[in-house]
Amino acid sequence: MLKDILSIAGQPGLFKMVSQTKNGIIVESLETKKRIPAYTTSKVSALEDIAIYTESEEVALKEVFKRIAEKENKGLAVDPKSSSDNLKAYFEAILPEYDREKVYVSDIKKVIVWYNLLQKMDLLNFDEKSEESEESAEIEEKPAEEVKE
Numbered sequence: 000m001l002k003d004i005l006s007i008a009g010q011p012g013l014f015k016m017v018s019q020t021k022n023g024i025i026v027e028s029l030e031t032k033k034r035i036p037a038y039t040t041s042k043v044s045a046l047e048d049i050a051i052y053t054e055s056e057e058v059a060l061k062e063v064f065k066r067i068a069e070k071e072n073k074g075l076a077v078d079p080k081s082s083s084d085n086l087k088a089y090f091e092a093i094l095p096e097y098d099r100e101k102v103y104v105s106d107i108k109k110v111i112v113w114y115n116l117l118q119k120m121d122l123l124n125f126d127e128k129s130e131e132s133e134e135s136a137e138i139e140e141k142p143a144e145e146v147k148e
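Numbering-wise, numbering that gives the first Met the number 0 puts 33 at position 34 of the sequence shown, and it's gapless, one number per residue.
Honestly, the hints are just simulated from the structure, not real lab data. Quick caveat: nothing in here was measured; it's all calculated off a predicted structure. The reader is advised that the hints may include incorrect statements.
Under the rule of at most 30 Å between Cα atoms (straight-line distance), these lysine-lysine pairs were calculated in the DSSO-like manner [to be verified]:
1. K70 to K119
2. K32 to K73
3. K87 to K21
4. K80 to K101
5. K21 to K70
6. K2 to K87
7. K80 to K70
8. K65 to K119
9. K61 to K101
Beta-carbon label-pair distances, calculated as ranges [what the hints assert, rightly or not]:
10. M120 to D98: 14 to 22 Å
11. A45 to V104: 21 to 29 Å
12. M16 to S82: 30 to 38 Å
13. V104 to E62: 18 to 26 Å
14. E96 to E27: 29 to 37 Å
15. A50 to N85: 33 to 41 Å
16. S55 to A88: 16 to 24 Å
17. D3 to K109: 29 to 37 Å
18. A45 to N22: 18 to 26 Å
Ideal Cβ placement from N, Cα and C applies to all residues, glycine included.
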């Protein structure tokens, strides 16, 4: 689900990879469908690799999105332009154990903006079975042929 969706530092919004070039990748904005190059010097992160700091361990962004979806009945989250106090209270209701020293309001806004965008575009799928079958289909290996001497 989130492995194909990218965030690029310094660029607003989310992207999906279209193709690869010798010095980077071509990405397409999920919102505008505009294609731009992301060079090897750009900090590109797949949403699947992002996690939120908590008091004990990190929680995957997918899990945070899942909790927001449960709280909002798969609807949109709170307005990301709400006050800092409202955003902190909302995030605390979703992830009570988040690390208040490491997770800034800007991070909370980004998570909410991303969630709302993915929800509007119907790209959030929390069906565990379909994802597991996708992964097992990708990993499925053929048995090695026997070597005759």
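Hint-by-hint comparison with the structure:
1. In summary, the hint linking K70 to K119 is supported, as the alpha carbons are separated by about 16 Å, within the 30 Å threshold.
2. Simply put, K32 and K73 have alpha-carbon atoms about 24 Å apart, close enough for the 30 Å limit, and the pair holds.
3. This hinted pair does not check out: K87 and K21 have alpha carbons roughly 42 Å apart, beyond 30 Å.
4. Straight-line distance between C-alpha atoms of K80 and K101 comes to about 21 Å, which keeps the hinted pair within the 30 Å bound.
5. Simply put, K21 and K70 have alpha-carbon atoms about 43 Å apart, too far for the 30 Å limit, and the pair is violated.
6. Proximity of K2 to K87 is assessed by CA-CA distance (about 27 Å); at most 30 Å being required, the pair is judged to hold.
7. Distance check on the hinted pair: K80 and K70 sit about 19 Å apart at the alpha-carbon level, within 30 Å; holds.
8. With a C-alpha separation of about 15 Å, the suggested pair K65 and K119 falls inside the 30 Å cut-off, and the hint holds.
9. For the proposed pair K61 and K101, the alpha carbon gap of about 19 Å is at most 30 Å, so the pair holds.
10. Distance hint check: the CB atoms of M120 and D98 are about 29 Å apart, inconsistent with the given range 14 to 22 Å.
11. The given range of 21 to 29 Å is respected by A45 and V104, whose C-beta atoms sit roughly 24 Å from each other.
12. The hinted window of 30 to 38 Å between M16 and S82 holds, with their beta carbons roughly 36 Å apart.
13. Taking the beta carbon of each, V104 and E62 are about 20 Å apart, inside 18 to 26 Å as hinted.
14. Checked against the given bound of 29 to 37 Å, the beta carbons of E96 and E27, roughly 36 Å apart, stay inside it.
15. Between A50 and N85 the Cβ separation comes to about 24 Å, which falls outside the hinted range of 33 to 41 Å.
16. Distance hint for S55 and A88: a CB-CB separation of about 21 Å, consistent with the stated range 16 to 24 Å.
17. Range check, D3 to K109: about 19 Å between beta-carbon atoms, so the 29 to 37 Å window is missed.
18. Taking the beta carbon of each, A45 and N22 are about 19 Å apart, inside 18 to 26 Å as hinted.
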